[in-house]
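Single-letter residue listing:
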Amino acid sequence: MRIAKVLGTVVSTQKDLSLQGTKFLLVQRVDHEGQLLPEYDVAADCVGAGVDEWVLVSQGSAARQLPEYSQRPLDALVIAIIDTVSVASGRLYSK
Amino acid sequence: MRIAKVLGTVVSTQKDLSLQGTKFLLVQRVDHEGQLLPEYDVAADCVGAGVDEWVLVSQGSAARQLPEYSQRPLDALVIAIIDTVSVASGRLYSK
Amino acid sequence: MRIAKVLGTVVSTQKDLSLQGTKFLLVQRVDHEGQLLPEYDVAADCVGAGVDEWVLVSQGSAARQLPEYSQRPLDALVIAIIDTVSVASGRLYSK
Amino acid sequence: MRIAKVLGTVVSTQKDLSLQGTKFLLVQRVDHEGQLLPEYDVAADCVGAGVDEWVLVSQGSAARQLPEYSQRPLDALVIAIIDTVSVASGRLYSK
Amino acid sequence: MRIAKVLGTVVSTQKDLSLQGTKFLLVQRVDHEGQLLPEYDVAADCVGAGVDEWVLVSQGSAARQLPEYSQRPLDALVIAIIDTVSVASGRLYSK
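Chains as they are written, first to last, in the working numbering: chain A, 2 to 96; chain B, 2 to 96; chain C, 2 to 96; chain D, 2 to 96; chain E, 2 to 96.
Derived from the structure by calculation, the hints contain no laboratory data. No experiment lies behind these values; they were computed from the predicted model shown. Note that CB positions come from ideal geometry on N, CA and C, so glycine has one too. Any given hint might turn out to be false.
If you only want the chain A side, here are some residues facing chain D, beta carbon under 8 Å, derived [what the hints assert, rightly or not]: (1) 61; (2) 66; (3) 80.
No more than 25 Å apart at the CA atoms, straight line, and that leaves these computed lysine to any residue pairs for SDA-like [what the hints assert, rightly or not]: (4) B:24 / B:39; (5) D:96 / E:84; (6) C:24 / C:91; (7) E:24 / D:15; (8) C:24 / E:10; (9) A:6 / B:20; (10) B:6 / B:18; (11) E:6 / C:30; (12) B:6 / C:18; (13) C:24 / B:18; (14) E:24 / D:17; (15) C:24 / E:84; (16) A:6 / B:94; (17) E:6 / E:51; (18) D:6 / E:84; (19) B:6 / A:15; (20) C:24 / C:88; (21) D:6 / D:48; (22) E:6 / D:40; (23) D:96 / E:51; (24) E:96 / C:91; (25) A:6 / B:32; (26) E:24 / C:17; (27) A:6 / D:15; (28) E:6 / D:69; (29) A:24 / B:88; (30) D:24 / D:93; (31) E:6 / E:70; (32) C:6 / E:89; (33) E:6 / D:87; (34) C:24 / E:71; (35) A:24 / B:85; (36) D:6 / D:91; (37) B:6 / B:52; (38) D:6 / A:24; (39) C:6 / E:10; (40) E:24 / C:18.
Please construct the entire structure, taking both the sequences and the accompanying hints into account.
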């Protein structure tokens with residue numbers, strides 16, 4: 002999984018029917034030192050994450066493991082809102 | 002998913018039979034600030050996207066979740082035409 | 002999918018039994034402006050592509066969607082020989 | 002698989018229910034010469050790896066092959082704690 | 002698939018039970034001109050490849066297509082030992 006920060010939302014009305022009701026978040030990746038990377042994902046959200054929160058994003062078929070997402074053409078999913086990231090030298094992030 | 006801008010089309014007559022009738026779009030990736038990236042995908046299209054429109058592209062097995070695509074050797078699919086991309090500071094894109 | 006140009010072939014006699022009869026092509030990726038990239042794939046071929054032809058390459062589980070390839074440990078497949086790549090400003094490639 | 006060094010942990014209380022009890026490790030990738038790379042994964046742990054240990058990380062659907070992980074939206078798993086990495090010129094790493 | 006050169010081995014005793022008896026090779030990727038790249042994989046071996054041999058490596062779910070590997074959390078497999086790589090200008094590699 003990747004650590005990412007929620008930047009905003011992507012809205013679409015013209016999409017595959019299976020995607021009705023899917024919320025798409027624009028998330029920017031964070032590196033292992035807590036710095037923002039010039040990389041992003043648009044990920045479906047199943048945890049109700051809000052702007053500026055740090056989240057875990059799963060990619061690939063992992064995004065379709067939850068029963069309600071299993072038939073949707075998704076390749077990225079926000080699976081958790083992060084509370085803390087801890088390394089040997091201390092807290093990298095705390096919500 | 003990735004945000005991308007439709008550049009054009011790729012046409013092939015000599016292809017696997019399962020691909021008859023599949024429309025292939027050439028799409029250029031857009032970054033999280035709305036800038037074009039030097040990266041692209043050739044993706045099947047299930048939403049009727051046109052040149053210059055911004056779309057969401059799913060990669061990998063996500064491209065084969067729709068029943069009519071399930072047996073085709075595809076690894077990228079345009080799943081939505083984007084209306085808006087919104088971040089904290091405002092609209093990054095509006096159709 | 003990626004656009005690629007066929008460079009040559011890879012031959013192996015010592016391989017998994019399921020790969021008997023599989024033809025492996027060495028293909029170099031082409032970017033969205035028609036330039037060769039310093040990236041390649043070794044892909045199985047199901048369309049009879051020849052050296053210098055431009056092809057579409059699918060990656061990942063897409064390479065195992067055709068019945069005859071479904072049990073082989075393949076992660077890349079040439080799925081089509083390209084006739085034309087067209088963008089707003091004209092033809093990027095014509096066979 | 003990738004060789005990686007365990008840096009720390011990621012904790013989340015607000016997550017998909019299937020992830021209850023899943024331990025998330027922050028691991029930094031190591032290259033083929035034993036140097037740390039500026040790349041990381043957040044991976045589930047099934048072997049009880051500790052900080053500073055070198056581990057093997059599997060990505061993608063490989064992370065869901067163990068029965069207890071099969072329904073979780075995971076895309077990375079620590080599958081082994083490394084004892085040694087040996088190359089022609091000697092030991093690259095020994096635990 | 003990727004062309005790679007076998008560098009050595011990775012040994013682990015503390016690993017998922019399904020991996021008992023799996024041999025892990027450290028392989029360095031080779032580019033389309035035959036040069037070594039600063040990229041590697043740790044791949045399971047099903048063909049008995051030795052140090053310095055050139056091999057084909059499949060990634061992702063391809064690594065679990067062989068019956069004996071189907072339940073193991075693997076994302077890379079050496080599927081063939083390469084005899085020759087041939088391009089228009091001649092032999093890039095011959096075993």
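Hint by hint, here is what the structure shows:
no.: 1; hint: 61; verdict: holds, 5 Å
no.: 2; hint: 66; verdict: holds, 4 Å
no.: 3; hint: 80; verdict: holds, 5 Å
no.: 4; hint: B:24 / B:39; verdict: holds, 23 Å
no.: 5; hint: D:96 / E:84; verdict: violated, 36 Å
no.: 6; hint: C:24 / C:91; verdict: violated, 34 Å
no.: 7; hint: E:24 / D:15; verdict: violated, 39 Å
no.: 8; hint: C:24 / E:10; verdict: violated, 29 Å
no.: 9; hint: A:6 / B:20; verdict: violated, 38 Å
no.: 10; hint: B:6 / B:18; verdict: violated, 28 Å
no.: 11; hint: E:6 / C:30; verdict: holds, 21 Å
no.: 12; hint: B:6 / C:18; verdict: violated, 43 Å
no.: 13; hint: C:24 / B:18; verdict: holds, 19 Å
no.: 14; hint: E:24 / D:17; verdict: violated, 35 Å
no.: 15; hint: C:24 / E:84; verdict: holds, 13 Å
no.: 16; hint: A:6 / B:94; verdict: holds, 19 Å
no.: 17; hint: E:6 / E:51; verdict: holds, 9 Å
no.: 18; hint: D:6 / E:84; verdict: violated, 35 Å
no.: 19; hint: B:6 / A:15; verdict: holds, 15 Å
no.: 20; hint: C:24 / C:88; verdict: violated, 32 Å
no.: 21; hint: D:6 / D:48; verdict: holds, 14 Å
no.: 22; hint: E:6 / D:40; verdict: holds, 23 Å
no.: 23; hint: D:96 / E:51; verdict: holds, 24 Å
no.: 24; hint: E:96 / C:91; verdict: violated, 45 Å
no.: 25; hint: A:6 / B:32; verdict: holds, 15 Å
no.: 26; hint: E:24 / C:17; verdict: holds, 15 Å
no.: 27; hint: A:6 / D:15; verdict: holds, 15 Å
no.: 28; hint: E:6 / D:69; verdict: violated, 35 Å
no.: 29; hint: A:24 / B:88; verdict: holds, 14 Å
no.: 30; hint: D:24 / D:93; verdict: violated, 28 Å
no.: 31; hint: E:6 / E:70; verdict: holds, 22 Å
no.: 32; hint: C:6 / E:89; verdict: holds, 12 Å
no.: 33; hint: E:6 / D:87; verdict: holds, 14 Å
no.: 34; hint: C:24 / E:71; verdict: holds, 24 Å
no.: 35; hint: A:24 / B:85; verdict: holds, 13 Å
no.: 36; hint: D:6 / D:91; verdict: holds, 20 Å
no.: 37; hint: B:6 / B:52; verdict: holds, 8 Å
no.: 38; hint: D:6 / A:24; verdict: violated, 35 Å
no.: 39; hint: C:6 / E:10; verdict: violated, 34 Å
no.: 40; hint: E:24 / C:18; verdict: holds, 19 Å
Violation of the numbered hints given earlier is confined to hints 5, 6, 7, 8, 9, 10, 12, 14, 18, 20, 24, 28, 30, 38, 39; the remaining hints are satisfied by the structure.
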